[in-house]
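Trainee: Chains as they are written, first to last, in this note's numbering: chain A, 1 to 204; chain B, 1 to 752.
These are computed hints drawn from the structure, not numbers from a lab.
Please note: incorrect hints may appear among the correct ones.
Just a sample of chain A residues kept apart from chain B, beta carbon distances all over 12 angstroms, derived [to be verified]:
1) Met109
2) Tyr124
3) Thr125
4) Cys134
5) Gln181
In silico SDA-like links for lysine to any residue, alpha-carbon gap of 25 angstroms or less [claimed, not checked]:
6) B/Lys109 x A/Asn127
7) A/Lys112 x B/Leu102
8) A/Lys108 x B/Cys113
9) A/Lys108 x B/Lys610
10) A/Lys112 x B/Gly105
Residues from chain B that face chain A, not an exhaustive set, calculated with beta carbons under 10 angstroms [said to hold, decoys possible]:
11) Leu95
12) Val98
13) Cys107
14) Tyr213
15) Asn216
16) Leu398
17) Phe439
18) Phe730
Glycine included, each C-beta is placed from N, C-alpha and C at the ideal position.
For reference, the chains in residue letters:
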Amino acid sequence: MNTQAFNDRNVNDSYYMVDIEEYPTDGWGRFKRVIKRTFRGELFVGLWVVLREMLKFNIHTIQYPLEKMPIGPRYRAVHEMKRLWESDAERCIGCGLCEKICISNCIKMDTKIDENSRKEVSEYTINLGRCIFCGYCAEVCPELAITHGGEYENGSEQREHYIDYNGMLTPLEMMTQGKQQEFEGFGAITPHEDARMKKTPLAY
Amino acid sequence: MSMMENIINFTINGQNVEAKKGETILQVARKNDIYIPTMCYISKTTPCASCRLCSVEAEGLDGFVLSCNTPPTEGVAINTNSNDLERERTNIMKLYDVNHPLECGVCDKSGECDLQNKTLEFNVEQQNFSAKDLSRPIEHWGLINYDPALCILCEKCVHVCNESIGDDAIDIKFGGYSSVIIPKNSDKLDCTFCGECIAVCPVGALVSSNFQYTANAWELERIPSTCAHCSGGCSLEYETRDEGIFGDKEIYRVKNNFEYTNLCGAGRFGFDFNNKATKDEAAFSKAVSAIKEAKAIRFSSMITNEEAYILGELQEKFGMKLFNEDARLFASFMKAYSTVSGKKHHSGSLDAIKQADAAIIIGSRVATDNPAVRYALTTASRHNGAKIIYAHPMEDALMQNTVTQNMKHEVGTEEGVIALLANAILKDADLETQERAFFDDLDLGYLGAECNIGEEEIAQMMLSFKRAQNKVLIIGADIMAHAKAKNIAKIAAIIEKYSAFSLVVIPSEVNTLGVSLINKLDIDEDIIDVVGYNAKGNFVLSSLEFANLSIPSLNQQEGTFVSIDNQVLPTNVALDFKGYTLNDIALSCGIKHKNTIDCTKMLGSQSGFKEIEFDALENFLTSHGDDKRGYILDEVNCKMNGKLEAVDTLPEFNGTVIYHSNPVLQFNAYTNTTKQLERDTSLRGSAQFAQAAKISDGDTVEISFGAQVIQRKFKLDADLKGTIALNPTFDIPVDLRRYKFEKSKIVRMTNE
Chain A
1 MNTQAFNDRN VNDSYYMVDI EEYPTDGWGR FKRVIKRTFR GELFVGLWVV LREMLKFNIH
61 TIQYPLEKMP IGPRYRAVHE MKRLWESDAE RCIGCGLCEK ICISNCIKMD TKIDENSRKE
121 VSEYTINLGR CIFCGYCAEV CPELAITHGG EYENGSEQRE HYIDYNGMLT PLEMMTQGKQ
181 QEFEGFGAIT PHEDARMKKT PLAY
Chain B
1 MSMMENIINF TINGQNVEAK KGETILQVAR KNDIYIPTMC YISKTTPCAS CRLCSVEAEG
61 LDGFVLSCNT PPTEGVAINT NSNDLERERT NIMKLYDVNH PLECGVCDKS GECDLQNKTL
121 EFNVEQQNFS AKDLSRPIEH WGLINYDPAL CILCEKCVHV CNESIGDDAI DIKFGGYSSV
181 IIPKNSDKLD CTFCGECIAV CPVGALVSSN FQYTANAWEL ERIPSTCAHC SGGCSLEYET
241 RDEGIFGDKE IYRVKNNFEY TNLCGAGRFG FDFNNKATKD EAAFSKAVSA IKEAKAIRFS
301 SMITNEEAYI LGELQEKFGM KLFNEDARLF ASFMKAYSTV SGKKHHSGSL DAIKQADAAI
361 IIGSRVATDN PAVRYALTTA SRHNGAKIIY AHPMEDALMQ NTVTQNMKHE VGTEEGVIAL
421 LANAILKDAD LETQERAFFD DLDLGYLGAE CNIGEEEIAQ MMLSFKRAQN KVLIIGADIM
481 AHAKAKNIAK IAAIIEKYSA FSLVVIPSEV NTLGVSLINK LDIDEDIIDV VGYNAKGNFV
541 LSSLEFANLS IPSLNQQEGT FVSIDNQVLP TNVALDFKGY TLNDIALSCG IKHKNTIDCT
601 KMLGSQSGFK EIEFDALENF LTSHGDDKRG YILDEVNCKM NGKLEAVDTL PEFNGTVIYH
661 SNPVLQFNAY TNTTKQLERD TSLRGSAQFA QAAKISDGDT VEISFGAQVI QRKFKLDADL
721 KGTIALNPTF DIPVDLRRYK FEKSKIVRMT NE
C-alpha cells in the first residue's frame with residue numbers, strides 16, 4: 001500500500017483556521033468576559049425550549065426502567081444458547097472452541113459421552129463478572145449455538161456472576177412459538193453464504 | 001573392510017547421505033532430518049505401506065518409489081519434492097477425506113490429528129472424488145471404542161498389536177471401500193487391553209471409551225513421567241485438567257511415545273491411584289513419635305529412590321531395622337550373582353531383548369508379571385525371528401504366538417532346570433576346573449527326570465540356537481524366593497560369563513532394584529513396634545486406604561526409580577498432594593533435606609548411582625528415538641569369591657498347587673484402586689485342577705497355604721492346563737518370603 005498520503009504533512013491546502021476571538025490577556029479584559037457571559041441570557045433560551053416542549057406534551061425521553069429501547073440485532077449483551085429450528089435439539093456440540101478462544105477466561109465447560117454415544121455438555125458456565133462481551137465466542141462457534149442476546153441488565157451485587165447452560169438455552173415454548181431470535185453479529189451467516197460454498201461432488 | 005561394504009552412499013535432494021545395510025530410504029532421510037510425509041509409517045514396526053504418501057522420485061526410474069519399504073541402491077539420486085509428488089500427495093489426502101465425517105468439533109483427536117494436519121499441509125481446498133457412503137455403526141470393545149466411519153485403514157493398529165504387543169487380536173476385514181478393522185477370530189475384542197492401538201491411531205477411530213468426549217487435546221497439561229506399576233520403567237505422559245467446572249486437577253488420560261515405546265494397559269488406563277489428604281497435624285505428630293519409638297520400619301518397593309534413602313537415614317539415626325522382603329531377596333540374589341560374575345548389575349536390558357535372536361525365560365509368567373519384557377520378546381520374535389524358550393511349570397496362552405519352545409518343568413525344580421540348561425550351553429566353554437567339576441558332578445539323569453525335561457528338549461533348544469548371535473537369559477521374580485535362589489544366581493552368572501548370553505533379572509515391583517541398591521535391609525521378624533510405610537505395621541503411613549497418616553502416591557511425587565534396564569528414571573508430580581510427605585517427618589526427626597529430591601545426588605556411587613541433581617535429569621525421547629531419560633547406573637566391580645554349590649535333591653510339589661500370579665493389567669494394591677482396570681479376583685484353574693480339588697466353576701472355596709487362609713471364587717479357565725491354579729495377589733497380599741508356588745488345601749464352602 002502507498003503510505004505517502006499518510007506521511008504528507010503539508011496541510012496548507014485543505015485545512016483552515018477556526019475564527020476564534022482573541023483571549024483576554026489582562027484583568028480588565030477577563031472581567032468584561034465574565035460580565036458578558038453572565039448577562040447574555042443564554043440560560044433563558046434553554047429554559048424556554050424546555051418550557052415550550054413541556055407545554056406541548058411532546059416528550060422524547062424514555063421512562064427507563066419502565067420503558068426500554070429496542071436493541072440492535074448486532075448488540076453484544078448476555079449470551080444465549082440457541083436450538084435447532086428443525087428438531088428443537090441444542091445446537092451446542094461441546095467442541096470447546098468458545099472456552100479456548102475466550103480472552104478473559106470466563107467460559108468453563110465439561111463434556112461427557114451420552115447414552116447415544118454423542119458428545120454432551122454436562123456443565124457450562126460463563127462468569128459475566130469477567131466477561132468483556134468481545135463476541136469471540138459467538139464468532140468462533142461453528143454451530144451458531146452460543147450467541148449474544150439483547151439482555152443487558154446483568155448488574156449484580158457481587159463481582160462474580162455466573163450464568164449456566166440452562167439459563168442461556170432458548171426455552172422450548174419459545175421454539176414452539178417460533179420466537180427464537182437469530183444473532184446477526186460476527187459469526188452469523190451472511191446473505192451471500194450459499195454463493196461462497198464449494199460443493200462436494202456426489203457422483204452416485 | 002567389511003564395514004565399508006555395508007554402507008550404501010546415495011543422495012537425497014542433492015545431499016550426500018549414507019545408509020547401513022537394511023535401512024530404507026525413509027529411515028535414512030529421517031536420520032538426516034529430511035522431511036518425507038507419511039500417514040501409516042510407525043518406526044517400531046515393519047512398514048504398513050498403505051498410505052503411499054512417502055512416495056519419492058528416484059532418478060532414472062519412471063513413477064514413484066515408496067521410501068518406507070525401499071532400500072537405496074548405491075549412487076541413486078532421490079528427490080523428495082516436485083510438483084508431481086505434491087499433486088500425488090494432495091490427491092492421496094483428498095481420497096482420505098472422501099466421506100470422512102465432518103465431526104472434528106467433537107472428535108477426541110481434533111487438534112492432534114494426522115488427517116487434519118496433512119489435509120491442511122497439502123492444501124486440500126476442494127474435493128473432486130466421491131464414493132457412496134456406507135452405514136458403519138460404532139463398535140464398543142470395553143475400554144476401547146472403534147468408529148469405522150473415522151477409520152482411514154492405515155493399519156498401524158494391526159501392526160503394533162501383532163509386532164510390538166503380541167496379542168494379535170485385531171485384523172483388517174478386506175472389502176475395498178467397506179474394509180474395516182475387526183477383532184481377529186472372535187466377535188468381541190479378546191486381548192490384554194494394552195491400548196497401544198488407541199495410541200497409534202492417527203485419527204479418532206480407536207479411542208479410549210473412558211476418555212471419549214471428556215476433554216480436548218489442547219486443554220490437557222502434559223507431565224512426562226515413568227510408569228509406577230512394574231519394573232519395566234516405561235515412559236509415559238500424564239495428561240491433567242481441572243475436573244468439571246469447579247473441580248481440582250485430575251488425570252484425564254495417559255499417553256506414550258508410541259513411535260518408539262510401548263505401554264501396557266495398566267500404565268495407560270490405571271492412572272487414578274492418587275491419594276487425597278489434608279494436613280492432619282495430630283496424625284502427623286503421632287507419626288513422628290511412632291517413628292522415633294519404632295524398632296523397625298517395614299516398607300514396600302512402591303517407593304522412590306529418594307524416599308528409600310530417607311528411610312535409610314532414619315534407620316541410621318534411630319538404630320532401627322528396615323524390612324522389605326521383596327527387595328532383600330532380590331538383593332541377596334544379585335549379591336550371589338556378583339560373587340561369580342564380578343559385576344553388580346546384570347548385563348542385559350529390554351533393548352538387548354528386542355535385538356536378540358535367541359532368548360530363554362525362566363521363573364516368570366512374564367505376560368502378566370512384566371509386560372515390558374513380553375513386548376520386547378514379541379519384537380524380537382517378529383523382527384529377528386528369535387527363538388524363545390519359555391521354561392515354566394505352566395504354559396501361558398498369552399505367549400503362545402511368541403514362544404517357540406515351551407519347556408514345561410516340575411514346580412520347584414528351577415535349580416535343576418538352569419543347571420541342565422547351563423550344562424548344554426557351556427558344553428564346550430573354557431571353564432575353570434572347579435566350575436567344570438560342578439558340571440561333571442551333575443546327575444543329568446536324575447535332574448532330567450525330576451524336572452521332567454527330556455534330553456531331546458535340550459537338544460532341540462541347542463539346535464534352534466545354533467545360528468543365534470544375540471542371546472538373552474531372562475530370570476523372573478519367581479526365583480527370588482526359591483530356596484536355592486543363590487545357587488541359581490551363580491549358575492546364571494556362569495552362563496553369562498562363559499557364553500554369548502546377556503542376563504536380565506526381572507525385579508518384581510516398580511523399584512525393587514532401587515531399594516535393593518540403596519537400603520541395608522534386615523530379615524523381617526514378626527515383632528511389634530513396626531511402622532509400616534505402604535506396608536503392614538502398628539502405625540501405618542500409606543497412600544492407600546486404612547492409613548494412620550496419608551502420604552502421596554507415586555504419581556504425586558518427584559523422585560526416581562531404577563528400572564529393569566538399570567536405568568535411573570525420573571517421575572514427576574502429576575497431581576498435587578496437600579498432606580504431609582516422608583520428608584516432612586524426616587525434618588521433624590532432625591534429618592534436614594529441603595526437598596525430597598535433594599537426595600537424588602546422594603544415592604551412592606558404591607551402587608553405581610551418579611551424583612546428578614534431580615532437576616538435571618532429562619525425561620524424553622528424541623525425534624530419532626534416542627533415549628534421554630535419566631541415566632544408566634555405572635558398572636561396579638565386585639569380588640569374585642563365589643562357588644557353585646552342588647545340586648542336591650530337588651523338591652517335589654504334589655497335590656493341588658496354587659501359583660501367586662496376577663491377572664492381566666493387575667499388579668498391586670494401586671492398580672486395584674483404579675477405576676478402569678478389570679478386577680478378576682477369582683482363583684483360576686483348569687478342569688484337571690477342579691477335578692483334583694473336587695470343586696467346580698463358580699464355587700466359593702477356602703484356600704489354605706502357609707499360615708494364610710483366604711476365600712475366593714473358583715473360575716474354570718479353558719486356557720489353563722495341569723494341576724496348578726492361579727491365585728491373584730493384587731487384592732490380598734501374600735507373604736513375599738515364600739516361594740510363589742504353594743502346596744495348598746482347597747475346601748469348597750458349603751452353600752447356605
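Trainee: Taking the hints in turn, state whether each one holds.
Mentor: The hints, checked one at a time:
1. The claim that A/Met109 is not at the interface with chain B is violated, since a C-beta of that chain comes within 12 angstroms of its own (minimum 7 angstroms).
2. Not every beta carbon of chain B lies more than 12 angstroms from that of A/Tyr124, the smallest distance being close to 8 angstroms; the non-interface claim is violated.
3. Non-interface call for A/Thr125 relative to chain B: violated, since the shortest CB-CB distance, roughly 5 angstroms, does not exceed 12 angstroms.
4. At roughly 20 angstroms, the least C-beta separation between A/Cys134 and chain B is larger than 12 angstroms, which holds for a residue marked as non-interface.
5. Look at A/Gln181: its CB is around 23 angstroms from the nearest CB on chain B, clear of 12 angstroms, so calling it non-interface holds up.
6. Taking the CA atoms of B/Lys109 and A/Asn127, the gap is about 28 angstroms. The hint is violated against a cut of 25 angstroms.
7. This hinted pair checks out: A/Lys112 and B/Leu102 have alpha carbons roughly 19 angstroms apart, not beyond 25 angstroms.
8. A distance of roughly 24 angstroms separates the Cα atoms of A/Lys108 and B/Cys113; the hinted pair therefore holds under the 25 angstroms criterion.
9. Distance check on the hinted pair: A/Lys108 and B/Lys610 sit about 46 angstroms apart at the alpha-carbon level, beyond 25 angstroms; violated.
10. A hinted pair counts as satisfied when its Cα atoms are at most 25 angstroms apart, and A/Lys112 with B/Gly105 qualifies at roughly 14 angstroms.
11. The beta carbon of B/Leu95 is not positioned within 10 angstroms of any beta carbon in chain A (closest approach about 13 angstroms), and the interface hint is therefore violated.
12. With a least beta-carbon distance of about 9 angstroms to chain A, the hint placing B/Val98 at the interface is held under the 10 angstroms criterion.
13. Below 10 angstroms, beta-carbon pairs count as interface contacts, and B/Cys107 has one with chain A at about 9 angstroms; its hint therefore holds.
14. Satisfaction of the interface hint for B/Tyr213 is found here, the shortest Cβ-Cβ separation to chain A being roughly 4 angstroms, below the 10 angstroms cut-off.
15. Taking 10 angstroms as the C-beta cut-off, the interface hint given for B/Asn216 holds, the closest approach to chain A being about 5 angstroms.
16. Hint status for B/Leu398 relative to chain A: violated, with the closest Cβ pair at about 30 angstroms, above 10 angstroms.
17. Interface hint status for B/Phe439: violated, as the beta-carbon distance to the closest one in chain A is roughly 63 angstroms, over 10 angstroms.
18. Annotation: interface hint on B/Phe730 violated; nearest CB of chain A at approximately 29 angstroms, more than 10 angstroms.
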